[in-house]
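Protein chains: 6
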Amino acid sequence: MENPENYIPSLITATPQEGRELAIKLARKSIAAIQTDPEIRKKLRSDYANDTNQLIGSAQVVAIEFQTIAAANNYWR
Amino acid sequence: MENPENYIPSLITATPQEGRELAIKLARKSIAAIQTDPEIRKKLRSDYANDTNQLIGSAQVVAIEFQTIAAANNYWR
Amino acid sequence: MENPENYIPSLITATPQEGRELAIKLARKSIAAIQTDPEIRKKLRSDYANDTNQLIGSAQVVAIEFQTIAAANNYWR
Amino acid sequence: MENPENYIPSLITATPQEGRELAIKLARKSIAAIQTDPEIRKKLRSDYANDTNQLIGSAQVVAIEFQTIAAANNYWR
Amino acid sequence: MENPENYIPSLITATPQEGRELAIKLARKSIAAIQTDPEIRKKLRSDYANDTNQLIGSAQVVAIEFQTIAAANNYWR
Amino acid sequence: MENPENYIPSLITATPQEGRELAIKLARKSIAAIQTDPEIRKKLRSDYANDTNQLIGSAQVVAIEFQTIAAANNYWR
Numbered sequence: 001m002e003n004p005e006n007y008i009p010s011l012i013t014a015t016p017q018e019g020r021e022l023a024i025k026l027a028r029k030s031i032a033a034i035q036t037d038p039e040i041r042k043k044l045r046s047d048y049a050n051d052t053n054q055l056i057g058s059a060q061v062v063a064i065e066f067q068t069i070a071a072a073n074n075y076w077r
Numbered sequence: 001m002e003n004p005e006n007y008i009p010s011l012i013t014a015t016p017q018e019g020r021e022l023a024i025k026l027a028r029k030s031i032a033a034i035q036t037d038p039e040i041r042k043k044l045r046s047d048y049a050n051d052t053n054q055l056i057g058s059a060q061v062v063a064i065e066f067q068t069i070a071a072a073n074n075y076w077r
Numbered sequence: 001m002e003n004p005e006n007y008i009p010s011l012i013t014a015t016p017q018e019g020r021e022l023a024i025k026l027a028r029k030s031i032a033a034i035q036t037d038p039e040i041r042k043k044l045r046s047d048y049a050n051d052t053n054q055l056i057g058s059a060q061v062v063a064i065e066f067q068t069i070a071a072a073n074n075y076w077r
Numbered sequence: 001m002e003n004p005e006n007y008i009p010s011l012i013t014a015t016p017q018e019g020r021e022l023a024i025k026l027a028r029k030s031i032a033a034i035q036t037d038p039e040i041r042k043k044l045r046s047d048y049a050n051d052t053n054q055l056i057g058s059a060q061v062v063a064i065e066f067q068t069i070a071a072a073n074n075y076w077r
Numbered sequence: 001m002e003n004p005e006n007y008i009p010s011l012i013t014a015t016p017q018e019g020r021e022l023a024i025k026l027a028r029k030s031i032a033a034i035q036t037d038p039e040i041r042k043k044l045r046s047d048y049a050n051d052t053n054q055l056i057g058s059a060q061v062v063a064i065e066f067q068t069i070a071a072a073n074n075y076w077r
Numbered sequence: 001m002e003n004p005e006n007y008i009p010s011l012i013t014a015t016p017q018e019g020r021e022l023a024i025k026l027a028r029k030s031i032a033a034i035q036t037d038p039e040i041r042k043k044l045r046s047d048y049a050n051d052t053n054q055l056i057g058s059a060q061v062v063a064i065e066f067q068t069i070a071a072a073n074n075y076w077r
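Residue numbers (the UniProt record's numbering), protein chains in the order written: chain A, 1 to 77; chain B, 1 to 77; chain C, 1 to 77; chain D, 1 to 77; chain E, 1 to 77; chain F, 1 to 77.
With the rest of the complex left out, here is chain A (with noise of 0.2 Å):
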């Protein structure tokens, strides 16, 4: 279950919003190196994209992932 690419090289970004795009990327690749076989996520995807319960689910972890780069930036200041 080793996930070999290297995906996240740097925690520092030019702007928050790079950040926040990070943040998403990173919650995407937790689930991706749970579950491995991209075909089973791509049909999982309307399990979720469609279920608010699990939406709100994945912006907490998106907010969880934000927090924590955020504070590498500095915030950005």
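Rather than coming from a laboratory, the hints here were simulated on the basis of the structure. Because the structure is a prediction, the values reported are computed rather than measured. Accuracy of the hints is not assured; some may be wrong.
Chain copies aren't distinguished; within one or between two, either way the pair holds.
To be verified - Here are the simulated DSS-like pairs of lysine-lysine, each with C-alpha atoms no more than 27 Å apart in a straight line:
id : residue 1 : residue 2
1  : 29        : 43
2  : 25        : 42
3  : 29        : 42
Start from chain A and add chains B, C, D, E and F according to the hints.
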């Protein structure tokens, strides 16, 4: 699924209230980055807006996002 | 859905108890920012006030908001 | 719904154990601030005390509250 | 419901591994502080030990407790 | 239930990617510390690997563990 719009130029806000509104905006943008179809999002609204469990889950996302924004603004001390 | 009311002029409170009450207020304001109809919110109250699962979820929101407020007040040391 | 009782004069405790007990107390006070009727709370107890899902959710609240109290006490170093 | 036992004399541990085991212990002690009957807890074990949803919820509690302990130990740098 | 194996000699990693993989490892070790039977864990895998709700819950655990590891490594600045 890339969201080209730059919806977060900065984490810095003039007041805690603006920080609060930014936190709510970020929570929503996470949902939009996952469910990119605005028509589907509009239809889904009634699923969570009248479900207290999901309203509470949403409030958790806002609380985490606000925690990040408050730290970014040094708590508007 | 913009909430014009400025319900959070500051994160600074005189005591931990006031900080606690601000945390509970912020949690509620998040719900109100999402479900803006006070009549619906009143009707929904019984859905969560007697559901321990949702009371626990609400307590999580208060705990996260209080964590932010306590840090803002340097833990009232 | 205002809880006039001052149940949290300070976040500072002599020991981690007292900090732990304060965290459990804060978690409970959140529930009491939302469901203010002690008779209803007593009746609801069996709903969560024998439900592992809700015991785990309660442990999450205690963990977040303890995180705040531990930081307030500089981890009792 | 007071838990007289002093199960957390200190947050300081010699190694991250000990910090990990303390985090798991704290998570369990929270459950024991809420459901104080050891016989009931033993009976409830099968409810969560074979339920992946609850195993994941438990792992969240451990992650939050470990976050506190790691900060207390300055990450064992 | 003591897990004698020392699976976390240090929180320090060379890169964010290694930090990410450590976070996933820690999340799994929490599950193993609670459900110690590897055969049962193997059987349970299909319960969560195809359930988006549980994949999202798992991603939350990884996000919290990674937050701790990133702080330990001073965000690999």
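**Asked** So which of the earlier hints does this model not fit?
**Response** As far as the earlier hints go, not one is violated by this structure.
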